[in-house]
Amino acid sequence: MSAEPIHCRYCMTRREMLKSFACGFASVAFSGLFGQNLLQAGNARPNPLIPRPPHFKARARSIIFLYMDGGVSQVDSFDYKPLLEKHHGEDPRKAIGKLEKTQFANIGKVMKSPWKFSRRGESGLWVSDLFPQMASVADQLCVIKSMTSKFPEHTSANYFLHTGTGLQGRPSIGSWATYGLGSENQDVPGFVLLNGGLIPSGGMDNFNNGFLPATYQASVFESKDPPLANIRATEKSPRLQGVKTSLIRELDEQTLQQAGHLDALESAIANHELAARMQLAVPELLNLEGESAATKKLYGFDSDYEFTRGYARQCLIARRLVERGVRFVELTCQKIGGYDRWDAHSDLTKNHAQNARAVDQPIRGLLIDLKQRGLLDDTLVVFSGEFGRTPFAQGSDGRDHNEYGFSTWMAGAGVKAGTSIGETDDWGYKAVVDKFEMHDLHATLLYLLGLDHTKLTYRFSGRDIRLTDVYGNVIQQIVS
Amino acid sequence: MAIAATLWSARGLALTPDVEFFEKKIRPVLVEHCYECHSATSKKLKGGLRADNRESLIKGGEAGPAIIPGKPEASLLVKAIAHRDPDLTMPPKKPKLPDSVIADFEHWIRDGAVWPAEETVAAPVNSDSFDLETRKKRLSWIWETPRHQKIPAVKENSWPVTAVDHFILARLEKEGLHPSAPSEPEIWLRRVYFALIGLPPSPEQITAFLNDHSTTAREWVVDQLLASPQYGERWARHWLDLVRYAESRGHESDFIIPNAYEYRDYVIRALNSDVPYDEFVREHIAGDLLSKPRRNVEKGFNESILGTGWAFLGEEIHAPVDTRQDENDRIDNRIDVMSKAFLGLTVACARCHDHKFDAISQKDYYALAGFFISSGQRLARFETMDNERHVARQLADLKERWSTNLAAKIPMAQGPLLSKVKEYLSAAAEAAIVGTNAPPKAGVRVRASALPAAITEAVGQLAAERSLQTNILAQWTAAVLTAANDKADVLHPFAKAVFTNETKVVTTNIVSSEIGLADGARIVLDFGSLPSNQWFEDGVAFGPEAAHPGELQPMPAVGTNAPGFRIVTRAAAQTDPNWRDLDLSSGVEREPAMFGSWKRDGVMLRSPKFELTNGKIYYLVRGSGRIFASVDSQRLVTGPVHTAQVREWAFKDTWHWVAHDLSDYVGHRVEIEFSPGNEFDTAIALIAESEKPPTDPSSPGERVSRTLDERQINNVSDLAAAYQDIFTAASSSSCSAALAGRSLEIENWLAQRPELFSGKEGEWPEPLQQALRDYLKEREPLINRIQWKSRTAPAMMEGNGVDEYLLLRGKHQTPKGQVPRRFLEVISGTQPIAGTNGSGRLQLAKAISDPKNPLLARVMVNRAWHHLFGRGIVGSVDNFGWLGQRPTHPELLDDLTATFIEEDHWSMKRLLRRLVLSRTYAMSSKPVDADAEQRDPENLLLHRMNLQRLEGEAIRDAMLTVSGRLDLRMYGQSVPLHPSQFVEARGLRSERGPLDGDGRRSIYIAARRNFLPMMMTAFDTPTPFTTVGRRNVSNVPGQMLFLMNDPFVHQQAEVWARRLLSEMPDASIEERIRQLFLAAFSRPPSEIEIGKCRATLREVNGSSEHESGTVEAWTEVCHALFGVKEFMYVR
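Chains P and S, in that order, give the protein sequences. Each residue of the first sequence is one higher than the one before, counting from 1 in our numbering. Each residue of the second sequence is one higher than the one before, counting from 481 in our numbering.
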């Protein structure tokens, strides 16, 4: 699937393109326009977002990535380690042994979890009281307890999680997914970032197209109005907008006549139509009036905690997006006053409690709602931070970054519900059984989308580049 | 199949039974089951094993010998085909071969593995083994120096006007194609305007051109454009894509790269003044080292050094935990950018292994890495540095001349008093204890003018009684009081005796070794014996070399501004106080890191790099100063992780050891940067590494104690007499050249206390005082020549030559031997850079810009072609290697390149002029020839011109141009972003620029790595992380949404409409529409188009009252024109 950048990757004929636009409001004008020139179809410039067949049968059509910015503590959530209780308060260098360098080099005592762990559901998965709501749907989760990263600080780890390298400038996994598969809905973007308000360390480059064409960059939606930059028509009236649109269309047609029916020009004109349709489709998407009170309640719209309400809105919009065929949806965290992100360098209890309170019910709601609507069959939900946290304290009551072992879960399409794989050591410090890398996670996500990570390549600066570089193995154990 | 078999049969060898067995039973199996992966014809040789000849089987592959003749049971091949080892089963993923076949192989090997003699076919091209010559041959064209080519003959003789046209036409004719008709003149004009200056022609310029019927009309336009300052801005933007230009470091907090814009301005100026490309490249590699740097024509500052800033425009991580890995990544990026931008090669692919395809070895990579490791970073005072060097040289000469003169006058000034020291000290001892005042604390200097009244009175009386001078006695009394509690003071033993009546001198605490280093300590660096080629200084404040013991340094007397001098007591790097007022111009950006507030730029001394063995570092220093220990050349230190790298000290005039615990970085390369403290009185003698802490060297006071201890002292008077001897000895030694036995610290103590000899604060007796005044007078004009304030810019700084290790698989944990620094073997051979203790970048610059370098010029000519014609002759402009694209017109590119070097002397302007005045460039882009479209669908042969979409920058600049808002002001700090509400993340600055960016061209809008303007990312401005010579051209709805709804576009539409109405108040609607079309599309409207616009105006107006249109109505029309595709395309 390697290719010249830009144009020649998707071979869509003009006829196909015409068909794909035929339901747009400008179809009449365009059929005339394209009709003149179909003879030269051999040289067609394609629409790069047209759906593409996967390499093999896809398990998932869409992914919702619940990005837990800052790094959730595994030993306080999904990775139960009784030994921490036993050795609570001891010097970790003595109890655990030699420790790796930590970001803040401020090593405190071994620290037990402030939350109680219990086995949940029929599967008996361990989930702590940090996530009581998620615990109630534990039977849907597939927890990987042995994820690792290579970077102990946020930005590199974020880039690694999102793009497969620790440096800036590589395509995000959502970009790779849309590059590989296109988008199932031409009226909304294929890769959407639902920005909760907290763009993670490393900035927008976590979600950028890197060297892939700009077509594949994330469109940043916010849970406010307008949700997307420049999406609202700015003309005073729809009539005025219509007048201008038709003037542009007519002048474009003149241009085509004068300049010749060049593919690039025609694609640009088609792209204009797409933008116009998106202008209508996107606000509709964000309009939640049609959602029932029960649905909203399920997500937590009536919570008395504003950040639960905020994340509930993000999760519900995420469902509406995958419903409409959006390929990859990522949710970022919200700004929770004083406790932004899961980055609990101090006061772990309060930090994690508040962050968990924000996401717990909405995530449960999302899983239940997706299931009720049959969407969970082809939607994969992924929950992960960029790394985990140390089982010993930073200072007195925080936890530092820990890239040596942490928990990630998936639910939905293609994965075994109610399972857990991999293990960390007795302290929850380092992955020891079935240790997985980011590359493995990426290979798996692409696999579930029906893509072979070794074949999804893009030719850039003399190499056929992959999301997984030269690494990565599909985590077969979790595939249902 | 069976190449070997064919060769064999061709030879017609007789078949022996062994050979027959081989040919019947063995070879066919090998061919059928093994050759796909293990032969000369393999696409990729697996496991490094060839099974198509006997030697290779015996030699084996990665797993070892495949066969051992005579020993089938020990032969891997048998193990593999018999599936005896589960990890090695052959053939892979296929059923096991029949047992009879396995038995045949056992038989064959047991009998000696007979294989008939035959020629061995060369290794497969994709073999993992690296052979430079083979690699070179695969793509020999790119490794040959470009030469002039024969201009091809053409049939259609009347068509070509330049050599370019001949090459293009000849190729078209070969395919039976014809060149397209010429474009309309106004289309050509728009094309050449955007190509050369990135802006559209104005309606007036279009009209003037259309009315110019002279034969040189086009040449005139092109010359005007190339002479326009906007040319440099347009082509600088192309260049900035190559060096991943940004003004911040990205990563978590997007810290600034201070004054990065100076590099941008350098590029613009260099292009505008048409600096030859080879020189431009030399400046990039070694602009800081050129013996005659290029000077700014107007302001005279050093231009060349600015070129080196490119290296530091990449991403930088603050506080990486693995600093060595981080250094490797930074250097990897520099190699990547350097090799792609200048050479069109992907050398960075050879970081972990030899290049998979091209003639570039892993050794090449690490040979280049050494240049970067040996070249540090700084913020150079590029405006003033050369002047500072010049003044410093003259100051050094002046000092040289005057120190002899001054030294000769010291005995005259001190001598008369020294014979009376005993008397003065004895009297001072009596005066000092008058009254109930306790002596001051250490470090407080008592002034004679401020003595308590009782003491002053006693001084007066004693002086009268003993025929001493009152003012001199007062000074000695003050000196005794000052020394009473200051153990380091030379007079301390005396003063202590005065106040305690204890004349027994205690000499404990005095260390045996003068330096005080413990056993086993290692002196890392002795500044006193540092060779001059290891003296790495940014600026001149530390002088050209270490100060030497006994050296006399004219400087203000301690605590005053009066002329004075000091005597150097210890070999050390030492600041020259003449430079203490150096400053930065206002607005100059500083390092954001932990040491950002320090005064460092242009006043910094850097140690050679060395490797930390135990990391416990000690510096022997005096005065005050600041230390930054750059580990693995990491210098963006913020946050809690690397605070250990920063250290400050502040002492008075005595020597101390400062401890610096860098034990976290054992095994890492470090360079220590010293900069002055607030007092600008900084001296560093030694850097040592030691397990045990050293003891401070004895202070002058302690030394005197030691001398006194050797004498018989019974009372204060004895002490006073002893001091007279000590002072006399010290003073008399100062005029002799002999260093041995000199008590420099005592000498220096006296040198800084003229009042003891004159009775007047800060003033020596004549004629020494006069000599000092004369010295200052001579110094004054030099000081006046110093330009105190300067801008700074990122630049390289020379360091000691360090060869990088070859890192297996690119990992720093597995270093192999060091690779000597050199340029690429395939171009310059394996001879290391010779004869330098520094980085060797000058030699690298020479090698890279050698006209024989096959790639430098060719790659640049191809880039120019790419920008003008929309596609390079080599389409993959950054990669001429195997995975790149092959040239469509190799002879043309070679011929152009030879012309560029030999006739154009690397002039970019001449190259561009040559290209845009060709007939090829003037062709229409309109596809009219169906046959040509069919046969040359990608227009690789240029049967017509290519349509090109403008870059985001050019679209924005064009909007500003047509609206009239464009402000052509050049250079300087970037205009801050105007982020929309959708832009937010850590590191976003609070300062907000105006919506229209002050009307400045896009190249002057802030290029923050994490916050590229939304419009630019939508229109494919690349993320600045590596060289991008060919931008993507994508179609994103965001582009159109931007044109439809962005407030900036609306704003400019309104500005444009207002301009139209104010400039053409009385014009007809048609005339106005014509003006709008000329401005936006560089052509007049057709009747149909006028009609459409009129109709829209009517619609928008809604009534006939304003037949000619209101501002609002015209704004809507202007806004619509921005959305017409023709606006953002060049035909």
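Think of the hints as simulated: they come from the structure by calculation, not from any bench. Keep in mind the model is a prediction, meaning the values are calculated, not measured. Glycine is no exception: its CB is placed at the ideal position from the N, C-alpha and C atoms. Treat the hints with care, since some could be wrong.
[Claimed, not checked] Covered, in the sense of this in silico footprint (three residues per stretch, anywhere, with C-beta under 8 Å from a C-beta of chain P), are these stretches of chain S:
hint, segment
1, 1055 to 1067
2, 1268 to 1277
3, 1315 to 1324
4, 1473 to 1482
5, 1495 to 1505
6, 1604 to 1610
[Stated by the list, open to error] Which chain P residues stay away from chain S? Per the calculated CB distances, all over 10 Å, these:
hint, residue
7, F56
8, P114
9, W126
10, L167
11, L265
12, L288
13, K416
Going through the hints against the structure:
1. Note: the segment 1055 to 1067 of chain S has 0 residues with beta-carbon separation from chain P under 8 Å; the three-residue rule is not met and the coverage is violated.
2. Coverage of the segment 1268 to 1277 of chain S by chain P is violated in this model, with 0 residues showing a Cβ closer than 8 Å to a Cβ of that chain against a need of three.
3. Counting residues of the segment 1315 to 1324 of chain S whose C-beta sits closer than 8 Å to any C-beta of chain P gives 0, which falls short of three, so the coverage hint is violated.
4. Interface restraint, the segment 1473 to 1482 of chain S with chain P: violated (0 residues with C-beta to C-beta distance below 8 Å; minimum three).
5. With 8 residues bearing a CB less than 8 Å from a CB of chain P, the segment 1495 to 1505 of chain S meets the requirement of three and the coverage assertion stands.
6. As drawn, the segment 1604 to 1610 of chain S meets chain P at 5 residues by the rule of a beta-carbon pair under 8 Å; at three or more, the given contact holds.
7. Interface exclusion of P/F56 from chain S stands, the closest Cβ pair being 18 Å apart, more than 10 Å.
8. Even its closest Cβ contact with chain S, about 25 Å, leaves P/P114 beyond 10 Å, as expected for a residue assigned away from the interface.
9. No Cβ of chain S approaches the Cβ of P/W126 within 10 Å, the least distance being about 30 Å, so the stated non-interface status holds.
10. With a minimum CB-CB distance of about 6 Å to chain S, P/L167 fails to clear the 10 Å threshold, and the non-interface call is violated.
11. With a least CB separation of 6 Å from chain S, P/L265 falls inside the 10 Å interface cut-off, contrary to its annotation.
12. In this structure P/L288 is separated from chain S by more than 10 Å, as the shortest Cβ-Cβ distance comes to about 20 Å.
13. Non-interface status of P/K416 relative to chain S is upheld: no Cβ of that chain comes within 10 Å, the nearest being about 27 Å off.
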